[in-house]
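Turn these sequences into a full structure, and let the hints steer you where they fit.
Protein sequences, first through last, are from chains Y and E.
The numbering used here numbers the first residue of the first sequence as 1 and each following residue consecutively.
The numbering used here numbers the first residue of the second sequence as 1 and each following residue consecutively.
Treat the hints as calculated values from the structure; they're not laboratory data.
Here the structure is a predicted model, which is why all the values come from computation and not from measurement.
Where is the CB? At the ideal position from N, CA and C, for every residue including glycine.
Take the hints with a grain of salt, since some may be wrong.
[Said to hold, decoys possible] Using 30 Å as the maximum straight-line C-alpha spacing, the simulated DSBU-like pairs for lysine-lysine come out as follows:
1) K15/Y <-> K440/E
2) K252/E <-> K166/E
3) K252/E <-> K207/Y
4) K60/E <-> K165/E
5) K256/E <-> K312/Y
6) K440/E <-> K417/E
7) K417/E <-> K18/Y
8) K242/E <-> K165/E
9) K207/Y <-> K256/E
10) K185/E <-> K175/E
11) K207/Y <-> K242/E
12) K417/E <-> K15/Y
13) K207/Y <-> K440/E
14) K491/E <-> K60/E
15) K440/E <-> K203/E
16) K440/E <-> K18/Y
[Unchecked claim] Stretches of chain E that chain Y covers, calculated by requiring three or more beta carbons in the stretch to come under 8 Å of a beta carbon on chain Y:
17) 253-261
18) 269-283
19) 387-397
20) 441-450
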Amino acid sequence: MSYIKKPVAKHPSLKPNKLGLTVRDYEGSMSTLCAGCGHDSVTAAIVRAFHELDTPPHMVAKVSGIGCSSKTPTYFVSGAHGFNSAHGRMPAIVTGANAANKELLCIGVSGDGDSMSIGLGQLCHAIRRNVNMLYIIENNGVYGLTKGQFSASSDLGSKSKKGEPNTQPPIDPVRLALSIGATFVARSFSGDKDQLVPILKAGLRHKGLALVDVISPCVTFNDHEGSTKSYVYTRKHQLPIAVTDFVPMAEEITATIEEGESKSVTLHDGSVVRFRKVAADYDPTNRGAVMAYLEERQASGEVPVGLLFLDKNGVEMHDDARTVDVPLTRLPFEQLCPGSAALDRLQDMYR
Amino acid sequence: MTRVNDFAFKLANVNGTGSASANGLLMQAIFRMGIPVSGKNLFPSNIQGLPTWYEIRVNKRGYTARTSDYDLMVAMNAETYARDVQEVRSGGYLIYDSSWPLDRGLTRSDVTFLGVPYARLCTETFAESRERTLMKNIAYVGTLAALLDIDMGIIAGMLKEKFGKKPALMESNRKAIQLGYDYAKEHFEHPLPIRLEKMDATKDSILIDGNTATALGCVYAGATVAAWYPITPSTSVLDAFKTLCEKFRTDKETGKRRYAILQAEDELAAIGMVIGASWAGARSFTSTAGPGISLMNELIGLAYYAEIPAVIVDVQRVGPSTGMPTRTQQGDILLCAYASHGDTKHIVLFPANPGECFDFAVKSFDLAERFQTPVFLLSDLDIGMNDWVIPRLKWDDNHRPNRGHVLSREDLEALPKFYRYSPEDELGVAARTLPGVHPKGAFFTRGSGHNRLGGYTEIPAEYQDVMDRLARKHRAARNCVPEAVIERRSKATFGVITVGGCDLAVREALDKLEARGLVADYCRVRGFPFGDEIEEFMHGHNPVFVVEQNRDAQLRSLLTLETNVPKDKLRSVLAYGGFPLQAAQVVDGVVAELEEEQAHSRSSD
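Structure representation (structure tokens):
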């Protein structure tokens, strides 16, 4: 119940980050989701990611649409500004907020109904615009809040709780995003925090839109045998392609580097994303190759997970719009209003 | 009978043949001669090949509403020729292209036909085929200059301004105009009895369309984020905003911009972006037309309920559905007043001309932020896309925007605890905070049920508490929207209420009615919620005619819904065919109604 105050108990062993805040300071109110919901694990990973990145909570704009996943922004970073908007409209809200104040750290939380159906257009255009945000799809292949209808990400043949098979092909947000120029595409599993946390951290630091599709099983409506978004199915079929490390700029990079199969990409702020144990033929910076590889794996029923693609050279929305460095919200009126003399001169043209 | 500076003429063209530039030139030349003038572009929803008309009315007394009483027709479109011939008033003139023989069946004995072989002249003069077509239209400018006594010096000056950097084009235009001019001078008596004479009535005026003026208002208001989806007839608002921002808001050294224009994927996204930007603290607006408002309804309700400022420009066109995109109407009054599901009410401003588009655009942002709510600027195609002669726009350099109650870092530092929706001020508004300012300002914005502290609720009393405050807030805005314009006449026996672009036609009609002994007071609504002066006006007159441009008497409905005025004293005069309102339509409507009433009262005596 979100109106029940969560006790703020801090264990003395909790390690404060550079702002002196412990992981507890990045939590939100009590979750009202079903016990065991994958979304709660994602929330926990988000909390850790923000804490570990030393994020000032009030700089975070956490925005969502409607659905189970969209309830979760109340459950993390209570010191952040939150906006639970309308179904499928989160991308537009974030786009506007980010356009106004480019210093905000924008995180959008969405689900498969919110992003694959009603908000599919907005997702695509936010990707095309390369809005500087972390876009999380908590993907459970089912409409939870309305009690169990198939969603647009339900796999062909996947069975509903009542045993009815899904007959329409799914929209895969990962391949969709790649095909329209996404610059950061990942898939993860809510049950694998070790993988998810570094991906979220890298996504938050990525300049541009970072899309993270998180398979997040619905314990109530879609965790049965026959579901392809269940805990059992996902654990069995997930194929870690690139185990990801994220090394923030300030940390000593050399300390964590392993020899052998690894690839590193340095982000704009100097932090490093490192792909460990990548398959020999897997190049996470080659869009065409990634697409081909995913097609092939997916066809064989596997669920490739990890940070699958990264293009650090994409042009982010503000760079494309060539806005000034200072956030538009901070521009004084004098720099916006041309004044009476300019109006007089201008009007000589309307003669 | 000679009529100086008091006539109307119409130009019938095929669109995409350069006629817009010729017609604009004519209108501007007359404006520069100091004569009150208006131009109405009656164009099709098409890029090339369909009929298009342009009407110019000159009137020394300043009656520049549309009239369909044409003294002269320039019939350049064979396809519409038969119809165009019929539209000229008896005793009028018709200019046609005499390169081909005139269809005898299409002449009229009461109209003087003036044939100019434009096609032949242009074929002889210009080599290239595209140029031959375009210059035919430019050539009639010269003919009209000769017949109506337009100052050729002014035309030459305008060509120089327009084509100064393209000497070849300037020369073609000059040559074409001269062709039409010389031919008329040689072959016709000139000037005609309807003609122009220089005046001094437009010296302190400008020639501007409402959409440009709206965009200018948005720039001067300090709007930094504009999100939109292209739609006729509002597209030129954003075109102008872009041009103006490039001029005024681009850093000369770095080329960086103090604005962001987001061309959205649809209107749902456009309004979402505006709400997001306003939520984050920018002044933000969108510009659209009726179909866009239909799509935006969902999020307009969110902005209303979560109390987020948003400025929405609606340049109305003819509905329903796709309707007639290039024709004008006032069909979105009710749609905007109550946009979105559930109990919603909005602030709506009704400009009547480009001057008010500018002023009200500035005002919209102040109201949106002061009341933390969507504000509609309800323009229309006639105001938005036609060029109007208006007094020069004024700007007070002491003007500072009213950003409403926004807590600063220091405010928040001093505050024990922040609650989004309380305490409320005298207008029913609570302070808001912006993301990124201070940890204490954090709160959760939601379109779901919430209480006065901003927390989620499903408790009836808590929900109603907030909804009741929103109603109080809306009511309080009645004293902040622009006051109605009220003009009283001595011995007035009834009242006329109107809105927006009906202004000129109705005021002209009132003069005409007075000449017939029917004297009425005038009230033009400029904002919703309605100020008390509007209700008083209605109580003080019987009957009250409500003149508006839609089928369903939407303003009248809104007046009866939102005031205590008895419905039966409000009589409608409606014009909704898609062309700008004419004084004659108002006169006829009022007279018919009054006569019917008299007949009725006689029969019941």
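Taking the hints in turn, this is what the structure says about them:
1. K15/Y <-> K440/E: holds (23 Å)
2. K252/E <-> K166/E: It holds: about 26 Å lies between the C-alpha atoms, which stays within 30 Å.
3. K252/E <-> K207/Y: holds (26 Å)
4. K60/E <-> K165/E: violated (35 Å)
5. K256/E <-> K312/Y: holds (22 Å)
6. K440/E <-> K417/E: holds (7 Å)
7. K417/E <-> K18/Y: holds (25 Å)
8. K242/E <-> K165/E: The hint holds at about 23 Å.
9. K207/Y <-> K256/E: holds (19 Å)
10. K185/E <-> K175/E: holds (15 Å)
11. K207/Y <-> K242/E: holds (26 Å)
12. K417/E <-> K15/Y: holds (27 Å)
13. K207/Y <-> K440/E: Satisfied, since the Cα-Cα distance of roughly 28 Å is no more than 30 Å.
14. K491/E <-> K60/E: holds (27 Å)
15. K440/E <-> K203/E: violated (56 Å)
16. K440/E <-> K18/Y: Answer holds: K440/E to K18/Y is near 20 Å, not above 30 Å.
17. 253-261: Since 8 is at least three, the answer is holds.
18. 269-283: n = 14 at 8 Å, threshold three: holds.
19. 387-397: holds (count 6)
20. 441-450: Answer holds; 8 residues pass the 8 Å Cβ test.
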